[in-house]
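Trainee: Listed below are the residues making up each chain.
Number of protein chains: 2
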Amino acid sequence: MNQELIGILDQTIVMLQQHREDELRTLLDELHPADLAELLEELEDEQRAAVVQLMSGPTAAEAIAELELEEQAAIVTALPPEKAKAILDEMSADDAADLFAELEPEDAGSLLQLMTQEDATDVRELMTFPEDTAGGIMTTEFVAIGAQRTAADAIDELRRAAPSAETAYYVYVVDEQGRLVGVLSLRELIVAQPDAEIRSIMRTNVVSVHVNDDQEEVARTVQKYNLLAVPVVDDQDVLRGIVTVDDVIDVLEEEATEDIFRAGGVSDAEQQLDLEGPIWPAIRARLPWLLGLLFLSLVSGKVIEGFTPLMDRVTALAIFITTMAGGAGNAATQALTVVVRGLATGEMERDQVGRVVWREARIGIVIGAICGLVLGVTAMVWNHSPWIGLIVGLSIAINLMLAKAAGSLVPVIIQRLGLDPAVASGPFIATITDTTSMLVYFSIAALILGAVL
Amino acid sequence: MNQELIGILDQTIVMLQQHREDELRTLLDELHPADLAELLEELEDEQRAAVVQLMSGPTAAEAIAELELEEQAAIVTALPPEKAKAILDEMSADDAADLFAELEPEDAGSLLQLMTQEDATDVRELMTFPEDTAGGIMTTEFVAIGAQRTAADAIDELRRAAPSAETAYYVYVVDEQGRLVGVLSLRELIVAQPDAEIRSIMRTNVVSVHVNDDQEEVARTVQKYNLLAVPVVDDQDVLRGIVTVDDVIDVLEEEATEDIFRAGGVSDAEQQLDLEGPIWPAIRARLPWLLGLLFLSLVSGKVIEGFTPLMDRVTALAIFITTMAGGAGNAATQALTVVVRGLATGEMERDQVGRVVWREARIGIVIGAICGLVLGVTAMVWNHSPWIGLIVGLSIAINLMLAKAAGSLVPVIIQRLGLDPAVASGPFIATITDTTSMLVYFSIAALILGAVL
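In order, the protein sequences belong to chains Y and D. Taking the numbering used here as reference, the numbering of the first sequence is continuous, increasing by one, and the terminal residue is 457. Taking the numbering used here as reference, the numbering of the second sequence is continuous, increasing by one, and the terminal residue is 457.
Simulated from the structure, these hints should not be mistaken for lab results. It is possible that some hints are incorrect.
[As the list claims (entries may be wrong)] Reference listing, derived: stretches of chain D covered by chain Y, where coverage requires no fewer than 3 residues with Cβ under 8 Å from a Cβ of chain Y:
hint, region
1, 12–25
2, 104–116
3, 141–155
4, 300–307
5, 313–326
6, 350–358
[Stated by the list, open to error] Which chain Y residues stay away from chain D? Per the calculated CB distances, all over 10 Å, these:
hint, residue
7, Ile-17
8, Glu-122
9, Arg-183
10, Asp-199
11, Asn-230
12, Glu-309
13, Met-384
14, Trp-391
15, Leu-413
16, Leu-451
These figures come from a predicted structure and were not determined experimentally. Each residue gets a CB set at the ideal place from its N, CA and C atoms; glycine is no exception.
If we strip away everything but chain Y, and leave its shape as in the complex, we get (with noise of 0.2 Å):
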């Protein structure tokens, strides 16, 4: 929040107490229905209450919709049903389903009935298709008009429409079963002759998305082509609703955040959660990843304890334990987030795995070398014992490189079997690696102990 903000925020709490309503609405009037939404969310239930009820129908409804669905719930839950119902007819029906999928199914039930036959049939609909599908994050405002009609005719029906501001960037054409076949942009509608016919003015091949498609494949879709709205058609290619960019950010953003958290040994569940909320949604979403992890970390402990007879006799090996696992993590974390990454954002295709895993194992050798070299001398000063310092130094070699490789080569594998290549977290190669660091560490000592001791 802005220091603008924080000032308007106290003064709405200041107007409140002192009833100068008139005074608070002229305030309000002046705020981007963006900087209303952050107000709203500093506001306590009562005085949000009464803030809402200072706030045109449009207005409200525009700040609410940027808010958590949570608190747009409890919002128009305690609003009486007539300001409510002011708010839901002027709420874009994409935005008016989520929240309806948030409400209690009676609340949901009512507040539908208060809505127009129209409105609440599209919200019906909209609530059909899975949250993150192109169904999902669509809007069913758009602007269609058939082939035959004129560039004039398009812009009267958009001056009719008068659909909000995201929607109102092309025109659909469509012809009698309501098929997509064109588009027309707002730009070439001004540009074109207002007698033109669309036939001869639109364009044919429209990149559209199918109502089923994955939310992030829309927004990449609509990344690709730089497009302000891609429309979305069912089976019969039939025009049902279009997907606009400001939701597409949103679509990016969380599913950056997704990839992010799963990096991390997150849960996704833990997306929805209120940084400052209860914790035990978040115990929930962590411990089955740590407990798991504690007990995989449990088979490196098993090694350990295989060559408890060899460190009896040479105690300076557990000195380096740490060093070994923490190395062999860091570098399999590295390659991993290179590739998963690369994955995810389709930098990386499927032609190019064989190459990319390849170049990070030779990335290993390169830097398993260097800091293998260096850490064996380091090691061999420290303990005034050359073999030591061979044993740490080939241990670090050997471990780093099959580190990177084992971080490129998971996401791969995992992508393979169709899982989501983002849950091979960095904890997770980590606490492979532990294992693998441990063989390797313990069994080269064995080996050069075995021949000098």
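Following the hints, put chain D in place on chain Y, whose structure we already have.
Mentor: Frame of chain Y; chain D shown alone:
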């Protein structure tokens, strides 16, 4: 690359070999510039030059602008001057400025001379702004008009300027000094009476950014206010350019990749690297981190060394070193991930820091208690020793708790120091917690075993 494009790629290569230029031109004319860009990426240098020669100036300009800057530079410098001019003339000023920044100075100089005086001036001006600022990503193609003109004038102006698709959706209103005073969306213009004075219909509280603003801040502004473009002003409030939503998407993606790379302990330098490119730049990007962390991990080795006499007596202690260090690292990485992402997306604000860290500490207490209990019992059964069970259980509990607190606190401290919290990577925090976990584990072991042995 999808199946359809792969087919077109094959056709393109065949047609090139058989010199069927006219057919190829028809084939390529059907393609979207973004698909043409993908095609160009797959072609050999010579084929690529031949294909670019066949494309019209505007199409070639759009397609080339989609490529990596390195590839753009290679293509443009290899073209005959008149074709290069045709393409550069059609390129938007911001794309051209990015391209010129990539060229060798002599190439840039001779190409700039080919351009019209006006375009060259725009490009030179844009090149003065740092890459990652609003000035560096803005384009100078925008439509501006005086407040005393009418809606019809504005539409005429749009028609005359016929700007590129992304820049046509707002008309900015400026005063005699070129200062930004208002804005009108194309939609608002269409709905307005043709003879309405701009002054009376424009919105005056315009969201704008400053030329020196960081690109991430610009992107967040566009995202927050659901804009299609944001105007960029200088110190005198003079309108200097606009940043369009398609560039904002690329910025957000770039910033997400940067954060992901840092979280994985990879330098952002690697973001610029080709996944199949030479290995040396990647080695340079990763080696410092890895080697630094290896040395840092020697501190935990030093702690272990201090306790070797204890381990000599109770060798079972060594078995749990990796579990102890790994568990703490993983718990810290989880907390770190949530906090760093919260700071990056602006979801977590300065005044929340204390409450978020305190929440993480409480999560750590519960998770630590549960994991400590489970692992303690496991260790007890494994080693047939209640004392080992007690040591492992207690250490896991304390270590996970400390790790959660450290994982949430370290990025906050880094931010307070004025650095990007994303530099606190998983590998970094895991290496730090290696040391604390060894200290806790062996201290508890010494205490308990000292009492019972």
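Trainee: Closest CB-CB distance from Y:Met-384 to chain D, is it above 10 Å?
Mentor: Answer for Y:Met-384: holds, closest chain D Cβ roughly 13 Å.
Trainee: Over 10 Å from every CB of chain D: does Y:Trp-391 meet that, or does the non-interface label fail?
Mentor: holds, 17 Å
Trainee: Please count how many residues of the region 104–116 of chain D have a CB within 8 Å of a CB from chain Y and say whether that reaches 3.
Mentor: violated (count 0)
Trainee: With d taken as the least Cβ-Cβ distance between Y:Leu-451 and chain D, does d exceed 10 Å?
Mentor: holds, 19 Å
Trainee: For the region 300–307 of chain D, do three or more residues have a beta carbon lying closer than 8 Å to a beta carbon of chain Y?
Mentor: Satisfied; 5 residues make the cut.
Trainee: Using a Cβ cutoff of 8 Å, are there at least 3 residues of the region 141–155 of chain D near chain Y, or does the coverage claim fail?
Mentor: violated (count 0)
Trainee: Would you assess whether Y:Glu-122, listed as outside the interface, keeps its beta-carbon beyond 10 Å of every beta-carbon in chain D?
Mentor: Correct as stated: the minimum Cβ-Cβ distance to chain D is 22 Å, above 10 Å.
Trainee: Is the coverage entry for the region 12–25 of chain D by chain Y consistent with the three-residue Cβ rule at 8 Å?
Mentor: Check failed, 0 qualifying residues.
Trainee: With a C-beta cutoff of 8 Å, work out whether three or more residues of the region 313–326 of chain D approach chain Y closely enough for the coverage to hold.
Mentor: holds (count 9)
Trainee: Is the nearest CB of chain D more than 10 Å from the CB of Y:Asp-199?
Mentor: Consistent with the label, Y:Asp-199 stays out of reach of chain D, its closest Cβ about 16 Å off (over 10 Å).
Trainee: Y:Leu-413 clear of chain D by more than 10 Å, beta carbon to beta carbon?
Mentor: Check passes; 14 Å lies beyond 10 Å.
Trainee: With 10 Å as the threshold, tell me whether Y:Ile-17 passes as away from chain D on beta-carbon distances.
Mentor: holds, 16 Å
Hint compliance for this structure: hints 1, 2, 3, 11 and 12 are broken, all remaining hints hold.
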